[in-house]
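Participant: Position chain D relative to chain W; hints supplied.
There are 2 protein chains.
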Amino acid sequence: MNYSQVTSCICIPKAILLQPKTNWTSSKSGNERRAGHWTHVPRNVNMEGLRSGYLFPEISIREHEHIQKNPNARLIRLGIGDTTQPIPDIITTAMAEHADGLSTTRGYRGYGAEQGDMELRMAIAETLYRGTGVKGKEIFVSDGAQCDISRLQMLLGSNVKVAVQDPSFPAYIDTSVIVGQSGKLEEKSGKYSDIVYMNCRAENNFFPDLSATPRTDIIFFCSPNNPTGSAASRQQLEQLVDFAKTNGSIIVYDSAYAAYISDESPRSIFEIPGAKEVAIEISSFSKFAGFTGVRLGWTVVPEELKYSNGFPVIEDFNRIVCTCFNGASNIVQAGGLACLSRDGYQAVCNVVDYYKENAKILVEAFESLGLKVYGGKNAPYVWVHFPGMSSWNVFNEILEKTHVVTVPGRGFGPGGEEYIRVSAFSHRENMMEASLRMKKIFR
Amino acid sequence: MNYSQVTSCICIPKAILLQPKTNWTSSKSGNERRAGHWTHVPRNVNMEGLRSGYLFPEISIREHEHIQKNPNARLIRLGIGDTTQPIPDIITTAMAEHADGLSTTRGYRGYGAEQGDMELRMAIAETLYRGTGVKGKEIFVSDGAQCDISRLQMLLGSNVKVAVQDPSFPAYIDTSVIVGQSGKLEEKSGKYSDIVYMNCRAENNFFPDLSATPRTDIIFFCSPNNPTGSAASRQQLEQLVDFAKTNGSIIVYDSAYAAYISDESPRSIFEIPGAKEVAIEISSFSKFAGFTGVRLGWTVVPEELKYSNGFPVIEDFNRIVCTCFNGASNIVQAGGLACLSRDGYQAVCNVVDYYKENAKILVEAFESLGLKVYGGKNAPYVWVHFPGMSSWNVFNEILEKTHVVTVPGRGFGPGGEEYIRVSAFSHRENMMEASLRMKKIFR
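Here the protein sequences come in this chain order: W and D. Quick note, the first sequence lines up with residues 299 to 741 if you use the numbering used here. Quick note, the second sequence lines up with residues 299 to 741 if you use the numbering used here.
A few of these clues could be false.
Intra- or inter-copy, both count: the list cannot distinguish identical chains.
As the list claims (entries may be wrong) - Heads up, simulated DSBU-like pairs for lysine-lysine below, C-alpha to C-alpha not over 35 angstroms straight-line:
| id | residue 1 | residue 2 |
| --- | --- | --- |
| 1 | 482 | 543 |
| 2 | 486 | 699 |
| 3 | 435 | 482 |
| 4 | 367 | 486 |
The hints are simulated quantities; they were obtained by calculation from the structure and are not laboratory data.
Chain W extracted, bound-state conformation (with noise of 0.2 angstroms):
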């Protein structure tokens, strides 16, 4: 495994992949040891403490595995959440052509704001926003959704205590071993000792018992969830409001997936009144138009949100985008200001509807087995449970006999045992062809 040839996959951590399987820290043979010059610059002790996943380059390596031993099989990749569709064409048409405006002294454009055109602003708070109270200006556009976590991360330093759902995207646990609030990972458990894991599995309506919750300063959450497909409900989400006010949090609040969004739950945590007084949230064009490439994203950083101090949060996540970033590209803004006209919003709505087509004929399928099947409906993930099973012998058992990739539920935390990942990001034909395969060899 070598980092310049590792391919992509957002939804599993890819970052996990590289870590290197040398123990650099143990003793070693002096020769081996001291080749080449070493400066006496410290290795930042938080990058130690990042977990070395053994567990996910099983991945690759299995499916690499795979592919040699079966060397005819056409194996479907549902694994990795990459979208695969074609931006519709007013969209990209409006990127191709900002681009070549560039070529002319009337179309070129040098800097722009690092928050963003405000046009682009103006147009997400009205086209997402519409009835919440949330202005442009409250409204930071990025390059994506895992640049502003870190962002985010580096804004709140080491100092401060944060809550994740068990399962969970692994770049909020990551980011916060970075930047030094996580304290250290329990090999046993598999959990850091400083972070607090909210478990939320279907026992729970995938909703974390927050009677049970210590205090935290962040709360982070994603809905529709990451792995697990799950929506919170407008009550759930009151009640989380409810708790971050009582204990003086603030929750980031995780709305890449908001799109996908079938039935009346919330798009926005900001739909929740008093939100505004505890919530940051991340989101982005990736997975709503197709962008996962072309990178575009925001924050909502609310004027109301305040410190213990009484400090405005936006003021200084404003410095941060100043200071740490310089804005997104204005070609694939001109993208995402296509993608919240009428014509475009309703195209790229298409799309998404092509996804949770997917999703229902993978749902189908793992409910024809007999299967306990979550997500899906609200989301381009189904999330499968299979009792008293490892994910990862179930990861293998799919693997082997269908010859398609799934993501074993543990590598989103301990709470993802028993449970496998399926994307619904892939062509219908693949779909069709996967639920086929299932069905045949499991029934």
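Facilitator: Okay, now just chain D, sitting in the frame of chain W:
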């Protein structure tokens, strides 16, 4: 001054424009303090340590006041270092075609590698690092140099000591403060207690006296320099590499203006033998190809570079890139690749030559006034000395008498006093006009 209204200006510290004037930690009346809900989340003490920057908002304020007083004056802005010339259409066409392709099944791409497309990484290595031993896999493509500086600081953490040139581009110090390396700001000197300031003025040929420089873990070094416009010679860089090697330090070398070098000065620190064991290089397409708003840069982390425990820095930087970043926009990377094609490279060099011609006009104008002028030959910045004068007073006088906006050197650190920086990034007619006004008024 409001974060939603701030205009962009990368080369003076924009962030500083945004620092609120309110002293939030001072005691206020109970009512004022307690308006609305306050969380119990502590503000990051490092953020509190950022200089409040009453100095820099002054540029905008004075510019604004000047316009109010002189509504008919045609202001010429040579303050901000922002590109103004169109991007050659061979490059914009490549981006437009990539964007158009994303609407097709064949051309659609989802997530790319976080480190950048290998084709682009190889092209950077072959075009810009030929003969240096830098490999494609040591190059990490990014959304810009400023973003990479902050990611590097996240990598290094709080437990390292840094040195910066004085004067210098403010992002090095500001990010040092944010991650907790800087110590306290000493109001009198304008310096942070734990940062080493390496004086770079005409007296020492804009190169630090290394025999008097204490050891630090990290040495930020920018050449060609922003703001002084001075490029370090091969001999100077050999001294620097030697100094770093002896001290076990890491040089973070910022070569964002390398394309402007006209003489034999090295364009990369990796032209110096042994530099791969002691240096990281950050660079950018912004000033090289007019990509200030398009966003593309890169960082070179050599495999040979090791921490004090022998762990390769590249492994940790790779982990940071994968956890905190998700790759530069694929559309923009297509443009970067086009910049490095034979015809594309020639075309961007022509634009660089245009700005260099601008710089010559500025140099000639200030020299004709009997002033000592530095920079302009290997950089798009002209650094003009006004011995014994306050750089703010000089800024004011030029603005009042000629309606030309510059940057007072003091804004780049205490070492910038007595100087002003004048940017060559503008249309030719502005250069001619500014030059004419200077000569007319001050001769």
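Participant: Hint by hint, note whether the structure agrees.
Facilitator: Results of checking the hints against the structure:
no.: 1; hint: 482 with 543; verdict: both (29 angstroms within a copy, 33 angstroms between copies)
no.: 2; hint: 486 with 699; verdict: within (31 angstroms within a copy, 72 angstroms between copies)
no.: 3; hint: 435 with 482; verdict: between (38 angstroms within a copy, 32 angstroms between copies)
no.: 4; hint: 367 with 486; verdict: within (33 angstroms within a copy, 71 angstroms between copies)
When the structure is compared with the earlier hints, no violation turns up for any of them.
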